[in-house]
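Q: Working from the sequences, and respecting the hints, build out all of it.
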Amino acid sequence: MSIEVNNESAVEIDEEVLQRLAVYVLDALHVHADAELAIVLVDEGAMEQLHVQWMDEPGPTDVLSFPMDELRPGSEDNPAPPGLLGDVVLCPQVAEAQARTAGHPLIDELLLLTTHGMLHLLGFDHAEPEDEKEMFGLQRDLLVGFTMQERRR
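Everything in the sequence shown is counted per full-length UniProt numbering, starting at 1 for the first residue and increasing by one.
Among the hints, a few may not be true.
[As the list claims (entries may be wrong)] Computed beta-carbon distance windows for the label pairs:
| no. | residue 1 | residue 2 | range |
| --- | --- | --- | --- |
| 1 | 16 | 100 | 34 to 42 Å |
| 2 | 67 | 43 | 29 to 37 Å |
| 3 | 69 | 151 | 27 to 35 Å |
| 4 | 130 | 67 | 18 to 26 Å |
| 5 | 23 | 140 | 34 to 42 Å |
| 6 | 150 | 56 | 19 to 27 Å |
| 7 | 133 | 45 | 28 to 36 Å |
| 8 | 96 | 141 | 19 to 27 Å |
| 9 | 141 | 70 | 19 to 27 Å |
| 10 | 141 | 43 | 29 to 37 Å |
| 11 | 107 | 129 | 38 to 46 Å |
| 12 | 100 | 74 | 34 to 42 Å |
| 13 | 107 | 55 | 23 to 31 Å |
Just so you know, the hints here were simulated from the structure itself, not pulled from any lab data. Just so you know, even glycine gets a beta-carbon here, dropped at the ideal spot from N, CA and C.
A: Next comes the structure, spelled out in structure tokens:
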């Protein structure tokens, strides 16, 4: 898998843990080993520009997803085809405020947001209650599985 993590923000982040998470999520969802993903961390100004340009919403947000080849999860017998998954853009400054409110470390919030963004790239959404239940349940399961894997490292 080609997973590029590019920190353009002024916040120091453990990029390797984000990369390990991305590998874990893609493996768990049977995305082809040749899939490509970019995770970009940007400051509030850059995120606000993207938020206005693509969502027509003011102010910075925590995560945006930009799908490319519209890949979908596969199965063990039939993995998703190779291709460009897309970009997940994170704003650590917004995530930091959310982490404080939630009472957990910034990296935990970034792991949550990265997983959330990747699920959007794979076609999941939370606009309808049924879809929200499915997406957030899968998100929780992936984060629990990843956390357990990390503890064994």
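Q: Could you run down the list of hints and mark each one as holding or not?
A: Here is what the structure says about each hint:
Here the CB-CB span from residue 16 to residue 100 is close to 24 Å, at odds with the stated 34 to 42 Å. About 23 Å separates the C-beta atoms of residue 67 and residue 43, a value inconsistent with the hinted range of 29 to 37 Å. Look at residue 69 against residue 151: about 34 Å separates their beta carbons, and that is inside 27 to 35 Å. About 21 Å separates the C-beta atoms of residue 130 and residue 67, a value consistent with the hinted range of 18 to 26 Å.
The beta-carbon spacing between residue 23 and residue 140, approximately 19 Å, falls outside the hinted interval of 34 to 42 Å. Roughly 37 Å separates the CB atoms of residue 150 and residue 56, a value that falls outside the hinted 19 to 27 Å. Our hint of 28 to 36 Å for residue 133 and residue 45 holds, since their Cβ atoms are close to 35 Å apart. With their beta carbons about 25 Å apart, residue 96 and residue 141 fall inside the hinted range of 19 to 27 Å.
The hinted window of 19 to 27 Å between residue 141 and residue 70 holds, with their beta carbons roughly 23 Å apart. The hinted window of 29 to 37 Å between residue 141 and residue 43 holds, with their beta carbons roughly 31 Å apart. As the Cβ distance of residue 107 to residue 129 is approximately 30 Å, the hint placing it in 38 to 46 Å is violated. Between residue 100 and residue 74 the beta carbon distance is about 37 Å. The supplied range of 34 to 42 Å therefore holds.
For residue 107 and residue 55, the Cβ-Cβ distance of about 25 Å falls inside the hinted range of 23 to 31 Å, so the restraint holds.
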